[in-house]
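> Build the full structure now, drawing on both the sequences and the hints.
Residue numbers (this note's numbering), protein chains in the order written: chain A, 32 to 351; chain B, 6 to 178.
These are calculated hints, taken from the structure and not from any lab test. Some clues are possibly wrong.
[Unchecked claim] Per label pair, the in silico range of CB-to-CB distance:
#  : chain 1 : residue 1 : chain 2 : residue 2 : range
1  : B       : Gly-20    : A       : Pro-170   : 50 to 56 Å
2  : A       : Ala-162   : B       : Arg-97    : 51 to 57 Å
3  : A       : Gly-322   : B       : Arg-81    : 54 to 60 Å
4  : B       : Leu-124   : A       : Gly-63    : 27 to 33 Å
5  : A       : Ala-296   : B       : Glu-133   : 50 to 56 Å
6  : A       : Asp-306   : B       : Phe-82    : 42 to 48 Å
7  : A       : Asn-236   : B       : Leu-113   : 22 to 28 Å
8  : A       : Asp-306   : B       : Gly-48    : 46 to 52 Å
9  : B       : Arg-60    : A       : Asp-306   : 51 to 57 Å
10 : B       : Ala-102   : A       : Leu-140   : 54 to 60 Å
11 : A       : Ala-62    : B       : Glu-133   : 41 to 47 Å
[Said to hold, decoys possible] Cβ-to-Cβ under 8 Å is the rule here; a few derived chain B residues that face chain A:
#  : residue
12 : Leu-110
13 : His-129
14 : Lys-135
15 : Arg-137
16 : Leu-139
Built from N, CA and C at the ideal position, the CB exists for glycine as well.
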Amino acid sequence: MFAARGIAVTLSVFLIVYCVVSLAVCLCWRAGQLHSRRYPVRRVADLLFAMRMFPLVTAAVITAAFTVPSFLLLEPRAIDEPLGYTPLVLGIGGALLGILGIANAGIALRSASHRISRWTSAAQPVGSCGAVPVIRISPVSATTVPAMTAAGILRPRVLLSGAAESLLTASELQTALNHEVAHVRRRDNLKKLLLRLVAFPGMKNLEGTWLEATEMAADDAAVSNACEALDLAEALIKLSRLTPPEPSAVLTAALIHSPTSVMNARIERLIAWSDERLVPLPRFSPRYGLGAALATVAVFAMTYGQLLASVHTATEWLVR
Amino acid sequence: MKQVFHFGASSPQLGPLEERLLEALWERGNATVRDLVNGACQGLAYTTVMTTLDRLFKKQLLSREADGRAFRYAPRFTREELHRQVAGEAFRQLMNASSASSLPLSYLVDVLTERDEQLLNHLHQVVEAKRRELRGGESRRGEGPSKTIVRDTYKDKDLKIKIKDKDQDKDTA
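Below you can see the structure in the form of C-alpha cells.
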C-alpha cells in the first residue's frame, strides 16, 4: 500500500505541475508571440523549443528532486493509510499522460522509419555533405519520394531525389543540401520526436511557429551571402513547382513541406538577404551559467530539508 | 448580412462609391457627411455622399448617431471582419451552387494552384532581377576585395558537397 500510495502521489504531482506549467507556457506564448518577430530566427527557434519542453522538464525535476524524496523520507511506512480517490484519479491521469506521450512518439518513430525505409529501398549513396551522408532516392512501384529531406535521428542522412538533382544547378543544389545539413546539425528531427512526447492541447500554434523558425534558421545557416541566398530561393521555387507535390513524413525535415504562406515568406526573406543576419548571436560566458548553477545548488542545499517538509505537507493535503 | 452581399448575377457587391466611403470611414473611425465632403471625398456632391451613407446604413454596414442636426456615421465592422463575411458568404453560395459538393472545391483548388503558379513566377522574376542587380553591382565594383563575412559559429565553413560526378556534369552542361 505504501508503494501504491507513493506511485499515485508521484504521478499526481507530475500531472498537476505539467498541466499548470503547460497552461502558463500557453498563456505566455499568446501574450508574447508578436514580439518573437523582432529577434533572430535561430534564437526564436531555440527559445520556442525550450518553452515547449519546459513543462516536462519542470514536472520531472520537481517530481524526482522533491516529491519522491519527501515521500520516501517523511511518509511513515507503518501507517496503513488507504489510497484516496483524488490521488488515484490524478495518478491514473499522470500515468495515461506518460503512456500517451510515449505511444505518440513511438507511433511517429515507427511511421517515419517505415516511410524512410520505403524511400531508401533502392537508394544509392552518392557522397557526403559535411559529415552527413547524401543518398539518392528514386520512386519505387509508384511511390512518390520527397525532393530533398533530412531523415533519421541516430544516423541522420540527407535523401536527395533524382528529380531535384536534375532540376537544380550545382550552386542551388549545394545551398539546398546545406539547408538540410543545418537541420541535421541542429538535431531538428530529434526535437520533433521530443515534441511528440509532450503533446498538450493549445500548443499547435507555438509548435507551428517553432517549425517555421527552424526552417528559416536552417535557411540562414545554409547561405553566407546574397548570391547563395538567391540560389536557395531559386531552389525552393523550382522544387515547389514539382507535381505531384512531394510527400512528407513525420520526424523528417523536408526542404519543401511547409504551408505555401511559409514557403513564400522564406523565399521573400532569402531575396531580401542581408549580411547582418550573419553576425553571430551574443554568447554568454560559461562562467555565468556555472555561477548560476552553483548558486542554485547552494540555495537548495541550505533549504532542501525545509522544502521537502513543505512538499510533503502539500502531498499530504493531496492524499487526504 | 445575407441580404447585403448578393453574389448572384443580378446583384453586384459593394459599388465603387460605397467602397470608397467605407474606406474613408475605416481611416477616420467616424465622420459626418460634411467631414467626408471636406476631406476624403472632395469633389463629390453633399447629397451623393449623404445618399450613399444612408444606403450603407440601411445595409447595416454603418451605425449612426445624431450629431447636432446631422448624423455621425461609423463602420459596424472592421475591414477584416467584413472581408471574412464576404468571403464566407461567397464560399457558401459557391458550395450551394452545385449538387456535387466536390466540384466547387475542385474549382477552388484550380484557382489556388493557378495563383500559386503565378506567385512562383513572380518570385522567380524577383530573384532574377535581384541577381542582375547583384551582378551589376559587382561589375561596377570591379575586382575589389571581397567582403569579410562573419559566419554563424555552428556553420562549417568547409561544407562542400562531394557528389560524385555531379558538379562536373552540371559545369560541362
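> So, against the hints stated earlier in the document, which numbers end up violated here?
5, 10, 12, 15
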